[in-house]
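Asks: Starting from two chains that each stand alone, build the complex the way the hints lay out.
Those sequence lines, one after another, are chains A and B. Residue numbers are given in this note's numbering: position 103 of the first sequence equals residue 103, and the series is strictly consecutive. Residue numbers are given in this note's numbering: position 190 of the second sequence equals residue 190, and the series is strictly consecutive.
Rather than coming from a laboratory, the hints here were simulated on the basis of the structure. For glycine and all other residues, C-beta sits at the position ideal for the given N, C-alpha and C. Hints should not be assumed to be uniformly reliable.
Covered stretches of chain A, as calculated for chain B (at least 3 residues, CB under 8 Å) [unchecked claim]: (1) 147-158; (2) 370-377.
Here are a few chain A residues that face chain B, going by a calculated C-beta distance under 10 Å [claimed, not checked]: (3) Tyr-194; (4) Ser-196; (5) Asn-198; (6) Pro-200; (7) Pro-322; (8) Ser-323; (9) Asp-327; (10) Ser-359; (11) Tyr-360; (12) Asp-362; (13) Leu-395.
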Amino acid sequence: MTIFGVTRLLDFRRIRQVIRVHAGWVFRGVLFVWLVAQVAPPSPRAPLQEPQTVQTLTPHLCVHTRLIDEVDEWKIQRTLQLVREMGAPTIVEFFPWAYIESQPDLRDWTQADRIVLHARNQGIRIIARMGLVPAWAQQDMPEEQRQLATLNTLPEQSFDEFAEFVAAFAERYAGTIDQIIIWNEPNLAFEWGYQSVNAPSYVRLLRAVYSPVHAANPDVQVLAAALAPTLEPEGSPAGLNDVLFLEQMYAEGAKGYFDALAVHTYGFTLPPDDPPAFDRLNFRRVELLRDVMESYGDNEKDVFITETGWNDHPRWTNAVTPSDRIDYTLDALRMADSDWDWLNTFCLWVFRFPAPTLSYPDHFTLVTTDFNLRPIYHTLRAYSQGQASETNLYLPAPEPGA
Amino acid sequence: MTSKRLQTTLAGLVITAAVTILLWFGGQLTPPSLMELLPQGVLRIGVDGSHPPFSTIGADGLYGFEIDLGQRIGELLGVSVHFVPLGFDGLYDALRTEQVDLLLSALPVDPQRMDAIAYTVPYFNAGMVLVSEDASLTMEAMSGRSLAFEYGSEAHSEVNRWQRRIAAFDLLPYESSTAALDAARLGYGDAALVDVIAARLYLRQRDDWQPSVREITVLPLAGAATAQRRGLVILIDRVIQTLQQNGELDAIMARWL
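This is chain B alone, in the form it adopts within the complex (with noise of 0.2 Å):
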C-alpha cells in the first residue's frame, strides 16, 4: 500500500471513529426530558419494606434510609414518589412488567443482570470491616491475633479466605454479630469482622467506645431500572452524586445507621 492510500485510510478510519464516538456518547449526554421518563409526574420506587434500616413498614407507613433517600431523590428531580412494596423474590420483575420505575432496595449492583438492568451509582458499601480498638491491624497483621466473627456468616467465609492466606490466627466463632462486636469490644479478641451496616448499629449505641473501622470488602448497593430507561438513570446518578458531594446522602444515613 503507497503512502498516500495509506495516510488516506487512517483518516477515513479516525472520522468515522469520531462520529461514532460523538453519535455514542452524544445520544448518552442527552437523556430524554422528565416528561418523556415519567409522562405521570410520579417516580415509582419499589421497595422490600422489611429490610431495615433501608425500609420498614410500620403502622405510619414506610420508613428508612432508602425512603428518605427515594423522598429527596424525587424532590430534586421535581417529581412526586410513590413507594412500592414489594416481596424480594419479585423485585426485578416488577420493574420488567413496568409497575415499577426504580428499586431501591438493598439491590447489589448484579454484573449478571447488566444486559437488562441499569443499576445507578452506588449510594450505599455494605460490604465488612475490620472493627478494632488497634487501628494498625489488618488482615496480614492478623496472624498471632484474635478475630471474633458470627458462625456460618459471610464473615465466617471471608475468615476461612484468611486461614488460607496468612499465618495462623486464633478464631473466635459467635452465634451473632453483636456478639463478636462485644467481644472486640470487651477484650475478648483483638477484632472483630462484620458487615458494615451491624458495626455502624452497633456503634450508634456505644458512644463511649470509639474503635477503628476498616473497610475489608466492598458490596456496592445501588437503585435499579430497566436497561431500557438508562436515561431515567443517568437523572438520578446526576441527584445522587449531588447528594454525595453536598453532604446529604450522609446526613440520610446518619438519620438510620
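Chain A with its partners taken away, still in its complex shape (with noise of 0.2 Å):
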C-alpha cells in the first residue's frame, strides 16, 4: 500500500535506476558541491594556547566584558589576550539565566563553558553576574502582569527556580568562578522588572540563593548586587538612592546572606578626589556605602568595584575629554589601591561591546568592537607593567600659524 508516496519514495531499485540513467548529473553535482566547500573560506578558529598568566603590578585591576553575545569564539579568546595583556588579572562577565536556561530544567552551556575555558587560559580569574529571566519563570504571573514584564522581571515565586539555577552554575565552575553577583542594580526600576524597587524584596532574593549556592561550592564568595549611583528620593518611580537602599537591605538582615559588596561608582564629570556626599554621584561614593556596611559592623567583607570609569564621548553630559579620562582613571586606581584596604577589585565598564551601539555608551569602552584599541588602553597596558605611558598614541592639537 502506498501511504502518501512513501513506498514509491524507498522503492530502491526505482532509485538505483534513476542514478544509473542520471549518473553524469549525479557526478557533477556531487563535484560541484566538492569544490564550492573547497572555495568557501574556512571557519575561524581559536585554539588554546600555552597556559598564560597575567603578569601586572596592579593586581586590583578588572574590566568588564561582554563576551556572552559574542558569536565568534576567535573574539572571545582575542578579547581575553588583550585583557590579559593589560595587566587585568580580573574580568566581570554576564551569565544570563535565560540563555543558559531557556526552557525549565534545560541547560546549554555550551557559551558559558567557551568563555571560562579561554578565560583560564589566559590565567584569568572571572566574577559571574547572574540575572535575566526566561519567560517560563514568569508563567505563574497573573496574565496583565506578565504582558508587561521584561527580562528583568523575577515574581518572588521563582526566586527558588532562580537559585536552583545559581547553585548549578556555581557547582559547574567551582574553582574557576568564586565570586557570583545575584542580580544587577535592583535599586531602578528598570532592573527590577519595572516593579517599585523593594529592598525587602531583594532581601528575599538574596536569602533564597545564599544557602543552596554555599551547598554547591562551600569556596564560594556571594555578592549583594551593586546598586545604581543615583539620587532617586524615597517613592520615586524611577528608582530609589544607593545609600538609602543599602540602608534598607541592612535593616531587612541581608547582613547574614551575602559575603561580600559589589559596587558601581562613577566619576561622571568629576576628578576621583571630589569628596562623597549623599546628595552628590562622584567616584567616592563608595566611601558613603562602606560608611553603612561598618556601621551595621560588616567591617570584615570586602567591596569589589565592579563597574567604574568615565566616558570620553565628545557630547554626552556626563563624559570628560579623553585625555582627562586617562588620568582620572589612573588617580582613581591609585587612589583605590592605596586607600582602600577593604577593596577587593577595581572594575573598568567596559572593555569591549559585541557590537556597537552607535551612540555615547561606546566611549566607555577600552577597545573599539573591531579591536581598535582607544589611548586609555595603552595608558593602562603600560601603568600595570610599571613603564611610563605612551605619550605619542596622537598628534598635539593644531595650532594656528606653526
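Replies: Okay, here's the thing in C-alpha cells:
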C-alpha cells in the first residue's frame, strides 16, 4: 500500500535506475558541491594556547567584559588576550539565566563553557553576574503583569528556581568562578523589571540564593548586587538612592546572606578625589556605601567595585575629554590601591562591546568592536607594567600659524 | 496537465495573490484612528535627556532638536506631548512596558530589533563625513594625501578599512574630532573624517570657513514604537515626511546643529 507516496519513494530499485540513467548529472552535482566546499573560507578557529598568566603590578585592576553575546569564538579569545596583555587579572562577565536555561531544567552551557575555557587559558579570574529571567519563569504571573514583564522581571514565586540555577552554575564552575553577583542594580525600576524597587524583596532573593549556592560550592563568595549610583528619593518611580537602599537591605537582615558587596561607582564629570556626599554622584561615593556596611558591623567583608570609569564622548553631558578620562582613571586606581584596604577589585566598565551601540556608551570602551585599542588601553597597559605611559598615540592639537 | 486546467490553476493563483495583497496592504493603508492609538489624547515620548544637541535636561526642562521635533509631531497630529526622561539602557524596555508611546532618542535603526520594534522613517543621518577644502576629495582620492581623525573613534576604524582598500595616505590621529577638524582647517591635513554632528557643530561656530562636506557613511536615526503600534508609526511617518517636504525639518535641525 502506498501511504502518501512513501513506499514509492523508498523503492530502491527505482532509485538505482534513476541514478544509473542520470549518472553524469549526479557526478557533476557531487563535484560542484565539493568544489564549493573547497572555495568557501574556513571558519575562524580559536585553538587554546599554552596556559598563560597575567603579569601585572596592579592586581586590583579588572574589566567588565561582554562576551556572552559574542558569536565568534576567536573574538572571545582575542578579547581575553588583550585583557591579559593590559595587566588585568580579573573580569566581570554576565551569565544570563534566560540564555542558559531557556527551557525548564534544560541547560545549555556551551557559551559559558567557552568563555570559562578561554579565560582559564589566559590565566584570568571571572566574577560572574547573574540575572535575566526566562519566559517560563514568569508564567505564573497574572496575565496583565506578564504582558508588561521584561527580562528583568523576576516574580517572587520563581526565586527558588533562580536559586537552583545559580547553584548549578556555582557547582559547575567551582574553582574557576568563586565570586557570584546576585542580580544587577535592583534599586532601579528598569533593572527590577519596572516593578517598584523594593529592598525587602531583594533581600528575600539573596536569602533564597545564599544557602543553595554555598552548598553547591563551599568556597564561593555571594556578592550582593551592585546598586546604581542614583539620587532618586523615596517614592520615585525610577528607583531609590543607593545609600538608602543599602540601609534598607541591612535593616531587613541582609547581612547574613552575602559575603561581599559589589559596587558601581562612576566619576561622571568630576575628578576622582571629589569628596563624597549623600546628594552627589562621584567616584568616592563608594565610601558612603562602605560607611553603611561599617555602621552595621560588616567591616570584615570586601568591596568589589564591579563597574567604574569615565566616558569620553564629545557631547554626552556626563563625559570628560579623552585625556581627562585617562588621568582620572589612573588617579582613581592609585587612590583605590593606597587608601581602601577593604577593596578587592577595581573593574572598569567596559572593555569592548560585541556590537557598537552607535551612541555615547561606546565611549566607555577600552577597545572598539573591531579591536582598535583606545588611548586609555595603552595607558593602563603601561601602568600595569610599571612603564611610563605612551605619549605619542595622537598628535598635539593644531595651532594657528604653527 | 491540460492547457485548460493550467489556465484555471493560474487564474486561481492570481486571484488568491490579489486578495492577499489587498487584505495585507489595505489593512496597513488604513491605520487605526488616533483615538484608538492614543486614547488619552497624549503622545508620551521617551527621550534620553543627556545627549545634546538631541535632548538635554536644563534648569527649565528639556530642550534640543528632538524636543522641538516631538512638539511639532504632536501639533500636526493634534495631540499634546508629554516627554519622559529615560536612561539609555532603559529606552526599549520603557516602550515594551508601555510607559511611553514613542522613543525619540538619537536611536540608530537596529535591524536586530525589527521583530519587536517599528521604526519611523529616519529624520537624521548621523554617519561620517569627509570635511575638506578640496571638494574633489573622496576615499579613492586620498592616496598620497593626509587625513585627520579622532584616535580610537569609529572614524579611526573607518580609516583602517580605507588603508586596506586604497594606496597609502598619511594618518593624522588627534585626541578629538574638534582637533581633527582644526587640522583640516589650518592646513595640517588635507581632510578630516568625523561624524556629521561634530562637523555641523564645528562649522556653526566658524562662518569664515566653508569647506566641502562629503557624506561617507550612513547612520539613520529614527523614532521607535513597538511593532504592535505600527499604526502610530505610519501616522508619524506621514508627519515627518510632511516636515521634510516643506523644509520644516531642516529648519528645526538648523536651530540646534
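Asks: Given that the stretch 370-377 of chain A was listed as covered by chain B, double-check it with a C-beta distance under 8 Å for 3 or more residues.
Replies: Three-residue rule met by the stretch 370-377 of chain A, so holds; n is 5.
Asks: A:Leu-395 was flagged as interface toward chain B. Is the shortest Cβ-Cβ separation under 10 Å?
Replies: holds, 6 Å
Asks: Taking 10 Å as the limit, does the beta-carbon of A:Tyr-360 come near enough to a beta-carbon in chain B?
Replies: holds, 7 Å
Asks: Hint A:Ser-196 vs chain B: min CB-CB distance below 10 Å?
Replies: Not OK, violated: A:Ser-196 not within 10 Å of chain B, min 13 Å.
Asks: Does the nearest C-beta of chain B fall within a distance shorter than 10 Å of the C-beta of A:Ser-359?
Replies: OK, holds: A:Ser-359 within 10 Å of chain B, min 6 Å.
Asks: Please verify that hint: A:Ser-323, Cβ, nearest Cβ of chain B, below 10 Å or not.
Replies: Holds, about 6 Å.
Asks: Would you settle whether the hint for A:Asp-362 is holds or violated, based on the nearest Cβ-Cβ distance to chain B being less than 10 Å?
Replies: holds, 8 Å
Asks: With a cut-off of 10 Å on the beta carbons, see whether A:Asp-327 makes it to chain B.
Replies: Hint violated; A:Asp-327 Cβ to chain B Cβ min 13 Å, cut 10 Å.
Asks: Would the hint on A:Pro-200 be counted as holding, given a Cβ-Cβ threshold of 10 Å to chain B?
Replies: violated, 22 Å
Asks: Test coverage of the stretch 147-158 of chain A by chain B using CB-CB distances below 8 Å; three residues minimum.
Replies: Since three or more residues must qualify, the claim that chain B covers the stretch 147-158 of chain A holds, with 3 doing so at under 8 Å.
Asks: Can the hint on A:Pro-322 be confirmed by a CB-to-CB distance to chain B that is less than 10 Å?
Replies: It holds, given that the least Cβ distance between A:Pro-322 and chain B is near 5 Å, below 10 Å.
Asks: Answer holds if the nearest beta-carbon of chain B is closer than 10 Å to that of A:Tyr-194; otherwise answer violated.
Replies: holds, 5 Å
Going down the numbered hints, you'll see the structure goes against 4, 5, 6 and 9, while the others check out.
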